[in-house]
Amino acid sequence: MSLFSRFLDGWRKYRKPGYYEKFDYHWTMTVDLDKCTGCEACMMACQAENNIPVVGEDEVARGRELQWIRVERYWEGEYPNARLRFMPMMCQHCDAAPCETVCPVSATYHNQDGLNTQIYNRCIGTRSCAVYCPYEVRYFNYYDHGWDSPLEQQLNPDVTVRGKGVMEKCTFCIQRIRQAKDLAKDDDRRRVQDGEMQPACVQTCPTKALVFGDRNDPESQVSLSMDDPRSYRVLDELNTDSSVFYLKKVDA
Amino acid sequence: MTTPTERNDLGYNDIHEDVVRSIVKTGPKYYIALATAGSVTLLCFFFPWFYQLYYGIGAAGMNHPGVWGTYLSSFIFWIGLSHSGTLLSCVLHLTNSSWRKAMYRSAEAMTLFSLVVAATYVMVHVGRPWFIHWALPYPNQMELWPNFRSPLLFDVMAIATYITGSTIFIYMGSIPDFAAVRDRTSGWRNTMYTLLSLGWRGTDKEWHRLHWAYTFLAVLIIPLAVSVHSIVSWDFAMSIVPALHQTIFAPYFVVGAIYSGTAGIVTVMFVLRKTMGFEQYITKLHFDNLGKLLLVLSLIWTYINAVELFTGWYSGSSEEYEALGYKLFGFYAPLYWEMILFCAVAPLLMFSTRFRTSFVPMLILSIAINIGMYTERFLIIATSLSRQYLPDAWGVYVPSLVEISIMVGSFALFTTLFLVFVKIFPSVSMYEVKETMATPKIEPLAPASGSPA
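Chains A and B, in that order, give the protein sequences. Residues 0 to 251, numbered by numbering that gives the first Met the number 0, are exactly what the first sequence covers, in order. Residues 0 to 452, numbered by numbering that gives the first Met the number 0, are exactly what the second sequence covers, in order.
Mixed in with the good hints, there may be bad ones.
Capping the alpha-carbon separation at 20 Å, the derived lysine to aspartate or glutamate pairs in EDC-like fashion look like this [claimed, not checked]:
#1 A:K247 with B:D391
#2 A:K12 with B:E278
#3 B:K24 with B:E278
#4 A:K247 with A:D227
#5 A:K184 with A:E167
#6 B:K283 with B:D391
#7 B:K204 with B:E434
#8 A:K180 with A:D193
#9 A:K248 with B:E431
Bear in mind the hints are in silico, worked out from the structure with no lab data behind them. Here the structure is a predicted model, which means the values were calculated and not measured.
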């Protein structure tokens, strides 16, 4: 096939209207802040599932922690009447992601699952995506982090171990999504059913504050959850069109 | 055209001798300077850089909100410094300012070497510089292309074009001088200049074509110089980071670039004048004119800074308020006020003609301006990234020793390149200086002497 005809094929495939708006699956998460207790189990689950290295005390003190999901704490009021609010913050998988436009090598792009993906192999480490991300959820590998023996035995074989100079972030556990899709494909090419797969954080959440699913399926748990009147998106005024919906905490 | 009075006692041959002497005669001072600059480059630039390459970019002080640091501010600084050289030379060429002629060659060299240092800084900045070529659009078997929407890619293109353009410009303008030096040297130098001068003989046709092409390139480079720094500013302005997302950024960066570049020229002029014995070529007139230019630029720069503060305040959004307040009174506030002092207040001294025509005060001021402008670039990155939307992700970035060492080393790298340049290129444009002088009378029967170049 000549280069030109391949170019034309690509053009016909990708330049059709709606290609960048309509997705095969549209993975979405909702976070019910009323249910979140700030236990940080999601952070631990994510760390274990995604081979996120432990950077050590010194590096954390220098502000170089690696945590794809973090639980933000916001204090309100002064001591006797102080209130603490939690907000789990992970990659929002924006459909209009600022980080995707800025990467000079397209190491981060939007796939047909509505996911904002990060290709570690392609990343050259300009870190501009982290600057452009208003949620500050992109984390950079400042060093090669190793695992002391025998800890390397517990690494998840489905997830790449990232080296120095590479940006990384929450993937909505894309390895689990791929697995579920593969199974569904082998199983007579059906679609992935609601609840068939969950990212590690959702699976772990003891209060079920996190709900994950396909927004394209109107009956899915996440579709029902995101229609809740308490639903909002963080920094929605920036028009990032993010895929994570937060359900407002209602004060009693 | 005005001819500087201090030059009237010079003949064509004096110019040739002065300039060829500056190339051929090398004293021990030069070697000491070259050895010092070279070893400082090696120790302060390349050694820490290799350390960083080996262990990872964690050797620098970047952290979670502050993922960009002094590497990028140095990059902007060097791109900025590169500006005035070629840009100023082009503008002055087109406006027929004769005072340009003695200084423009070294100004253009400054452009070129600043760009080289800036391009090196890009490699220092990225996490995996061994894959930097992926940012270039080249056909490959994977059919992978860079992201043409990315302002960083625009940057790669703009800088590559600018380097190419300035290289051709400085080289073409030097061809007659290479020929002149060729005719006065022997040995390997003669061979080198024979090659460099491309067989220049100084015929009317050659002069005609040179002038035509030179003017053409000058016209071409002016928009290029403006576009380069606009595009560098888009790296920041196209983000949605509160204090960076501003439409004023492109003109702000262009003015800032010309400002720091002009100040850089004053510094280099002073050094050249003292060390190379060019007192007769680089005169008070040059400092006076450059001073006027600097003054105007400082006023524009101050105005744009005021506009930046005003738009931040006028936006009425809490993020902009926070970023603004942090810039003026936060952790980095001393640096901010230092910048205002050096770049907005101190240059007002140049309203006085006596100040503009005194060499040492101008040197001090020009260095102060560039320190202030470096601070500006640092603050643009550091203050804005420290205060973004989510308060949980606020933080402070402080440069590490490796970064500071590389910054010092980059000046040594620039100096090394410049020192090599002065021994290869005639650092004063001989033929254009001659144009400002009266044509010498040739005795009708005397045999022609000297080269036509």
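Hint check:
1. A:K247 with B:D391: Distance ~18 Å between A:K247 and B:D391 Cα, so the pair holds.
2. A:K12 with B:E278: Violated - the C-alpha atoms of B:E278 and A:K12 are around 68 Å apart, more than 20 Å.
3. B:K24 with B:E278: OK: B:K24 and B:E278 at ~17 Å, within 20 Å.
4. A:K247 with A:D227: holds, 10 Å
5. A:K184 with A:E167: Status violated; Cα separation ~28 Å.
6. B:K283 with B:D391: violated, 56 Å
7. B:K204 with B:E434: holds, 17 Å
8. A:K180 with A:D193: Distance ~12 Å between A:K180 and A:D193 Cα, so the pair holds.
9. A:K248 with B:E431: violated, 75 Å
When each numbered hint is compared with the structure, violations occur for hints 2, 5, 6 and 9.
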